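Novice: Each chain, letter by letter, is given below.
There are 2 protein chains.
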Amino acid sequence: MNTAHRPRIVVVGGGFGGLAAIKELKGVAADITLIDRRNHHLFQPLLYQVATTSLAPAEIAWPIRQLVHKRPEVTTLLGEVVGVDREANIVRLRNGTQVPFDYLILGTGAQHAYFGHDDWEPYAPGLKTLEDATAMRRRLLIAFEKAEIETDPEARKALLTFAIIGGGATGVELAGAIIELARITLRQDFRNIKPEDARVILIEAGPRVLANFKPEMSAYAERALRELGVEVELGQAVTAVNADSVEFGGTSLKAGTIIWAAGVLASPAAKWLGVEADRAGRIKVMPDLSVPGLPHIFAIGDTVTIVNGNGKPVPGIGDAAKQGGRHAAKVVKARLRGDTAEMPFHYHHLGDIATIGRSRALIDFGWLQLTGWIGWWTWGLAHIYFLIGMKNRIFIALNWLWIYLTGYRSARLITEPHSDEVSAAPAAGSGSAGTADTRRPDSKAA
Amino acid sequence: MNTAHRPRIVVVGGGFGGLAAIKELKGVAADITLIDRRNHHLFQPLLYQVATTSLAPAEIAWPIRQLVHKRPEVTTLLGEVVGVDREANIVRLRNGTQVPFDYLILGTGAQHAYFGHDDWEPYAPGLKTLEDATAMRRRLLIAFEKAEIETDPEARKALLTFAIIGGGATGVELAGAIIELARITLRQDFRNIKPEDARVILIEAGPRVLANFKPEMSAYAERALRELGVEVELGQAVTAVNADSVEFGGTSLKAGTIIWAAGVLASPAAKWLGVEADRAGRIKVMPDLSVPGLPHIFAIGDTVTIVNGNGKPVPGIGDAAKQGGRHAAKVVKARLRGDTAEMPFHYHHLGDIATIGRSRALIDFGWLQLTGWIGWWTWGLAHIYFLIGMKNRIFIALNWLWIYLTGYRSARLITEPHSDEVSAAPAAGSGSAGTADTRRPDSKAA
Chain A
942 MNTAHRPRIV VVGGGFGGLA AIKELKGVAA DITLIDRRNH HLFQPLLYQV ATTSLAPAEI
1002 AWPIRQLVHK RPEVTTLLGE VVGVDREANI VRLRNGTQVP FDYLILGTGA QHAYFGHDDW
1062 EPYAPGLKTL EDATAMRRRL LIAFEKAEIE TDPEARKALL TFAIIGGGAT GVELAGAIIE
1122 LARITLRQDF RNIKPEDARV ILIEAGPRVL ANFKPEMSAY AERALRELGV EVELGQAVTA
1182 VNADSVEFGG TSLKAGTIIW AAGVLASPAA KWLGVEADRA GRIKVMPDLS VPGLPHIFAI
1242 GDTVTIVNGN GKPVPGIGDA AKQGGRHAAK VVKARLRGDT AEMPFHYHHL GDIATIGRSR
1302 ALIDFGWLQL TGWIGWWTWG LAHIYFLIGM KNRIFIALNW LWIYLTGYRS ARLITEPHSD
1362 EVSAAPAAGS GSAGTADTRR PDSKAA
Chain B
942 MNTAHRPRIV VVGGGFGGLA AIKELKGVAA DITLIDRRNH HLFQPLLYQV ATTSLAPAEI
1002 AWPIRQLVHK RPEVTTLLGE VVGVDREANI VRLRNGTQVP FDYLILGTGA QHAYFGHDDW
1062 EPYAPGLKTL EDATAMRRRL LIAFEKAEIE TDPEARKALL TFAIIGGGAT GVELAGAIIE
1122 LARITLRQDF RNIKPEDARV ILIEAGPRVL ANFKPEMSAY AERALRELGV EVELGQAVTA
1182 VNADSVEFGG TSLKAGTIIW AAGVLASPAA KWLGVEADRA GRIKVMPDLS VPGLPHIFAI
1242 GDTVTIVNGN GKPVPGIGDA AKQGGRHAAK VVKARLRGDT AEMPFHYHHL GDIATIGRSR
1302 ALIDFGWLQL TGWIGWWTWG LAHIYFLIGM KNRIFIALNW LWIYLTGYRS ARLITEPHSD
1362 EVSAAPAAGS GSAGTADTRR PDSKAA
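Line order of the protein sequences matches chains A and B. Going by the working numbering, the first sequence opens with residue 942, and the numbers climb by one from there. Going by the working numbering, the second sequence opens with residue 942, and the numbers climb by one from there.
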């Protein structure tokens, strides 16, 4: 594309994909605008550790502005995209701002989805943002608080029952962390309840957990979960989710806390562009990651569906988004210098990785499988390596070492109004988190 | 007091005072209940550092349950006190729970107050809780984001104007931290604005800042603030606070962010008991810290007003609450063993301490004054010493060292819905923080 002005590249989404694209674009003679509706990049693989009180939000999130502040050609915009004008080449933000582009890269990710059961959402929240994580942390901690003051044994039992729907990596990692929170971290903290009596039930519709791993790794994960005390229910499709119960296999399980880790839906990028999407909302991109009919617009990561050279779909993981971002940026750079060669995307799968509790993990590099504590240490080192910035690496490493040695998780904060939630007539899973009156209460500390 | 049952001591408030009382009560043959409406103890002296993005909430807050979990005689209750039945000796919680006591210690603190100007609160929020701090952090960061997309120079200037009402320790420390956030931390992060153009105005009605310090220390603080770039307005009573301006000295200052650091009001403990209170709602306790006419009920810390032996009022600082908590516990222990001797409280003032930015502080021990970087290092070491737990000490020390060396503050997170706040028609200081729809937005990260 030839333009009279300096070329304008717009990247939407400061996740793994968008940031990788920005990095790859370094040195290109163009004005770059990075748009995100959050002011921070989030390291999603560790989000479950915020939800389960091991890490603080600031430890897995970075101000996007700071990540690109040494790149004067990059302007960061905090704003929510509501549409793309594919004729005029303009990105429209909710506040009315119009951002023109010559090339556009969309890495707007996915959110959890209930596929026809949106009424389940208030009872079974999912985990995609920092707010989701602090709300889940609050729910988990409040469940123990409610149980402590509950006098009816049946109600108390229900409050100490945690049901997780979905046996993928998020479900498995949450299950392991919640049972350890109950059995190790909170062990001595209550007088009327025994936190170690808490039940954690992982419900998976398919025949095994971690379906994208090799069968023997799934079997290891299931065994490790059961050894920790998690009840694993396989081949059980959930048929109903209510305020205080979840139904599957013809029975109803009373559970004070229900967590959704089962499905995701792509961001509405396909709608913005008016192009075809699959059932999960993902754009069916061309081999070079451009959007069909729009060779100057690219989509990457969880926003798209694409089949790799080997005939297998590219998985919805952070590394695929990174590779996609890098590839889209390379195509843009080629087009800017007049190179119109076909450049199909080839995804290289590095491996699968998941952790169960604080001493077990499983890693499948294809040529090497690691489990047990070797897997756990490798998992930890790999995650620390992929974090951004030395400070967060040091802090998370120290945090994990601390939890590993003492079992204590320090981020056990209930930080939203909660008096309703521990009242005598609790509305379990009422979805009221954050919507209540937020006037500050009387402070109790001097 | 002789009772047929094992004596019951109830402590309300897990702040400095309440926890000191619990500690002092160790070994006493009694059942102790600790009630707080928050699940965490908050180290309030560093709350301004959460508000100004230096520290994460979990670094200055501790789960109360964990702090007392090795004391089997102590039961922790998460609940909000709504009244005290002084005839039946029962504490009533909002959820209907009734907690009987033989001895009661109230350390329920204070909240910020607007003294007849409650309509100012939405425009000039104060700082007492973790939620206040994360909301203030959000407001500060959003102000820069709004300014970045604002095209009108006057409006942009207003957005980069930060007015702090009240020149006590909180106001002084906030002013120093905000100007450094703008001039050092955010220096390179924006393209359309220069964060270092931000104005920080500290407005104090009295003739000097830090009025409880010696005059020469106040003068030093004022000079240090001015050297950092803070505009200090002394002898200026604020006459009006609006959504986007503050009036004092006959003029109106356009300010996108206005912060209240001017007044506090005691918790409603006096109302619960139906006893006399001063204008700030504080109970006028007896010399032994018991409530007049109720020798088995004690009140401590910011909930009370009491004159020390030297004729000066005991200040509303953490150490006074701690000493009060210890004293009340000692009186309870004496009464339990049948000792009815008079036990007047003597407050021992250790010193005054405040910090201005990341390299200046002032400390007045009476026999020794420290300022400059010696003061700053002493301030830092003193605060680390008073923190609870080795992990937080290590983490905060590392954090401060990091900020000291690099200028970067890592907790720069905007963690509530904000799309309204950066819209084209911003309602500056609309007080909407946290009351907006909290459904998760589309996730942008892969």
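Simulated from the structure, these hints should not be mistaken for laboratory data. Possibly wrong hints are sitting among the right ones.
For chains that are exact copies, the list does not tell them apart, and a pair is met inside one copy or across any two.
[Said to hold, decoys possible] Under the rule of at most 20 Å between Cα atoms (straight-line distance), these lysine to aspartate or glutamate pairs were calculated in the DMTMM-like manner:
(1) Lys1195 to Asp1043
(2) Lys967 to Glu1283
(3) Lys1098 to Glu1172
(4) Lys1011 to Glu1072
(5) Lys1011 to Glu1137
(6) Lys1225 to Glu1168
(7) Lys1135 to Glu1014
(8) Lys1332 to Glu1095
(9) Lys1155 to Asp1219
(10) Lys1225 to Glu1188
(11) Lys1011 to Asp1260
(12) Lys1253 to Asp1219
(13) Lys1332 to Glu1283
(14) Lys964 to Asp1026
(15) Lys1332 to Asp1130
(16) Lys1135 to Asp1293
(17) Lys1212 to Glu1028
(18) Lys967 to Asp1130
(19) Lys964 to Asp1130
(20) Lys1011 to Asp1093
(21) Lys1135 to Asp1026
(22) Lys1195 to Asp1060
Every value quoted in this text rests on a predicted model; they were computed, and no experiment measured them.
Novice: Now, for every hint given, state plainly whether the structure supports it.
Specialist: Going down the list of hints, with the structure as the test:
1. Lys1195 to Asp1043: Neither, since 54 Å and 39 Å both go past 20 Å.
2. Lys967 to Glu1283: Cα proximity of Lys967 and Glu1283: none, with 22 Å in one copy and 76 Å across.
3. Lys1098 to Glu1172: Within. Shortest intra-copy distance 15 Å satisfies the 20 Å Cα cut-off; inter-copy 59 Å does not.
4. Lys1011 to Glu1072: Cα proximity of Lys1011 and Glu1072: none, with 29 Å in one copy and 32 Å across.
5. Lys1011 to Glu1137: Between. Shortest inter-copy distance 17 Å satisfies the 20 Å Cα cut-off; intra-copy 49 Å does not.
6. Lys1225 to Glu1168: Cα proximity of Lys1225 and Glu1168: none, with 41 Å in one copy and 58 Å across.
7. Lys1135 to Glu1014: Intra 57 Å, inter 16 Å, cutoff 20 Å: inter-copy only.
8. Lys1332 to Glu1095: Answer is neither; intra-copy 46 Å and inter-copy 38 Å both fail.
9. Lys1155 to Asp1219: Classified as neither: same-chain Cα gap 26 Å, cross-chain 71 Å, threshold 20 Å.
10. Lys1225 to Glu1188: Classified as neither: same-chain Cα gap 35 Å, cross-chain 58 Å, threshold 20 Å.
11. Lys1011 to Asp1260: neither (24 Å within a copy, 44 Å between copies)
12. Lys1253 to Asp1219: For Lys1253 and Asp1219, the Cα distance is within 20 Å only inside one copy (16 Å; across copies 74 Å).
13. Lys1332 to Glu1283: neither (41 Å within a copy, 54 Å between copies)
14. Lys964 to Asp1026: Neither, since 26 Å and 65 Å both go past 20 Å.
15. Lys1332 to Asp1130: Result: close only across copies, 19 Å inter versus 31 Å intra.
16. Lys1135 to Asp1293: Neither: 36 Å inside a chain and 44 Å across chains, both beyond 20 Å.
17. Lys1212 to Glu1028: within (15 Å within a copy, 67 Å between copies)
18. Lys967 to Asp1130: between (52 Å within a copy, 17 Å between copies)
19. Lys964 to Asp1130: between (47 Å within a copy, 17 Å between copies)
20. Lys1011 to Asp1093: neither (59 Å within a copy, 27 Å between copies)
21. Lys1135 to Asp1026: neither (58 Å within a copy, 32 Å between copies)
22. Lys1195 to Asp1060: Cα proximity of Lys1195 and Asp1060: one copy only (18 Å, versus 45 Å across).
Hint compliance for this structure: hints 1, 2, 4, 6, 8, 9, 10, 11, 13, 14, 16, 20, 21 are broken, all remaining hints hold.
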